[in-house]
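Trainee: One letter stands for each residue in the lines below.
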Amino acid sequence: MNRYLYDGTADGLLSAIAWILEEEPCPEQVALAERKDTLFEEGFFIGTDATQAEDLLFRLRKHAPDAASTLYSFMLAEKEGMESSLLHYISLVFTHGDKVNGYLTHPAVRDIVAVAKKAGRELHRMKGLLRFEKLRDGAYLAKMEPDHNIIHPLAWHFSRRLRAQHWFLYDVRRRIAARWNQGTLQFGTIEQFTAPALSEDEKKVQALWQAFFKTIAIPDRKNPRLQKSNMPMKYWKYLTEKQEE
Amino acid sequence: MSALLRSFFLHYISLMDILAKLQILSGAARYDASCVSSGSKREGPACGTGNTSSSGICHSWADDGRCISLLKILLSNDCQYDCAYCVNRSSNFVERASFTAREVVDLTLDFYRRNYIEGLFLSSAVMGSPDKTMERMVRVAETLRTEEQFGGYIHLKIIPGSSSELVRKAGLYADRISVNIELPSQASLQRLAPQKHKEAILAPMALIGREIASSLVERKTSRLAPRFAPAGQSTQMIIGASPENDFQILRLSEGLYKKMKLKRVYYSAYMPVSDDNRLPVLAAPPLLREHRLYQADWLLRFYGFSAEEILSDDAPNLDESFDPKSAWALRHPEFFPVEINRADYGTLLRVPGIGVTSAKRIIAARRFSAITPEGMKKIGVVMKRAKYFIICSGRSFEKTDRPAALLRQQLLIGDSSEPVLPTQLVLPGIFS
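Residue numbers (my numbering), protein chains in the order written: chain A, 1 to 245; chain B, 1001 to 1432.
Zero decoy hints are in this set.
Capping the alpha-carbon separation at 20 Å, the derived lysine to any residue pairs in SDA-like fashion look like this:
{"hint": "1", "chain 1": "A", "residue 1": "K237", "chain 2": "A", "residue 2": "Q210"}
{"hint": "2", "chain 1": "A", "residue 1": "K203", "chain 2": "B", "residue 2": "D1106"}
{"hint": "3", "chain 1": "A", "residue 1": "K222", "chain 2": "B", "residue 2": "C1058"}
{"hint": "4", "chain 1": "B", "residue 1": "K1384", "chain 2": "B", "residue 2": "E1398"}
{"hint": "5", "chain 1": "A", "residue 1": "K117", "chain 2": "A", "residue 2": "S84"}
{"hint": "6", "chain 1": "A", "residue 1": "K222", "chain 2": "B", "residue 2": "A1284"}
Calculated from the structure, these hints are not laboratory results.
Go ahead and model the full structure; you've got the sequences and the hints to work with.
Mentor: Below is the structure:
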């Protein structure tokens, strides 16, 4: 079994996969891993070639759009140690096309689809659970700590939704921020975050929301277990309605 | 008093007012089961706020575990009617409040801009007359859409008895409109809600159905034709406040889905909010019954079952110990075992433990290779139920010719590891 290595970047991963698909007669028999530079590491290193990576993405999008979006969600997960599965998955995409996502009895397909699903689920969840606070200058800020690196698609969602508003998203753990102002969306990293002052009426609106949240539940039907399973506690930190407790 | 102090004072009063009103009027709206925001897709206006997403988005989950996606409130709880089952009936002693249109508009926008909600769900008690009430509700939606350029989701309740002109107007501003059927039969309606009439409920339903259909036709010829309630119409009925059996209820729902083209029928277990002597005395709200009805409702809508297959005049109520599909399977041993690698979609759906998702996955995976018993688990089939009813390329998992009584017992044992049944509304999409 041939074993290959790449440099650990997303571009490196995709260009390595493109190279293997081109050169190896039987990509399903091949293993791919990140180079760790340990003493006894075995394998042939494939250099990064950004154009090859891009070309692979282009062909995937054209050939199998569903699989391409699965790949996109998979990359959001920043999952390590699944390179071989991804290689086998993409090789299957080129033989079977979009139907491949139905091949759940194949271990590589199952693993990649499962990870992509999880990232997609968190993205959908955050579309609901994100909370903006109004700042003194009239802009809105939302902080979050998602498991997956979803700030790009999430910012795109809000750019369609809160178009007339000036807002920021901030991924606290990854220190990435998105900013939407007058029709342009920008991304950047933030070295040092200082919490800006809130607008004067912000606390009042938050109190209204907290009151609504409390009264909308039917007291005879209290079910904290179901609440937690739908809305895991890891998200409560930034939820306005969960701040008092 | 200085001008500043006075303005501060007035501001304080008005804020207290809104908070108190919100508490009263959201508390009064919480028994409405509907909270979906799906089924409508709208690009937001360039200079406005909000769009809708066809899958719908939940923004929070309340302490009862139900999803919060809309700001669900009444415009007023000051009701002229005296429906026995309702908290807001005129003879009940509760605090009364009413919002102005502006207050609702501001609340909706303030909440939407902070991403608390997907939009507004507005219902109301009957103030004065149905038309007067409906007019005020429509004005809220109109202000949101035209003055504020609001592109988010709006669900409006139709007050039975309001004019068809207002119903039409409501449908042009709202994504979904609904008329509550309240009780499953005319007789119960007469007894418990004497001011509401069956015709006044069914007439707007039929009107809405026609308008939706003709708007869809018009939009085929012109993209600019106005949309009428793009997310369709739904209704709700109260379960357990009147003597109808499950068979009557399911047949009614089936008719509503088929003839009125409703998107959803909601069932709401009767909560004892009144000690009116026309109502039954219940030890606890019939939550399990509500859950079983939702399961049966799913069978009607997604599994190709008819009400007559699920229940009959001889057995008019749903089995409490089995989900309706397992109950059907137990009554029809001749249908089984089903061959996983050959059966068509409709047949797969009839197997207990196989839902819409796994049936589709089975069909997709079969294209690549025959499915093995191990493959079944990977696909996500609930094997502890399905194993008694299927074979895989001729191989069976359990003896499939077990006598019915034994099978019943096996299924019950298999189920006993499940958590105790929900004490609230669970969307039974995964029950299969």
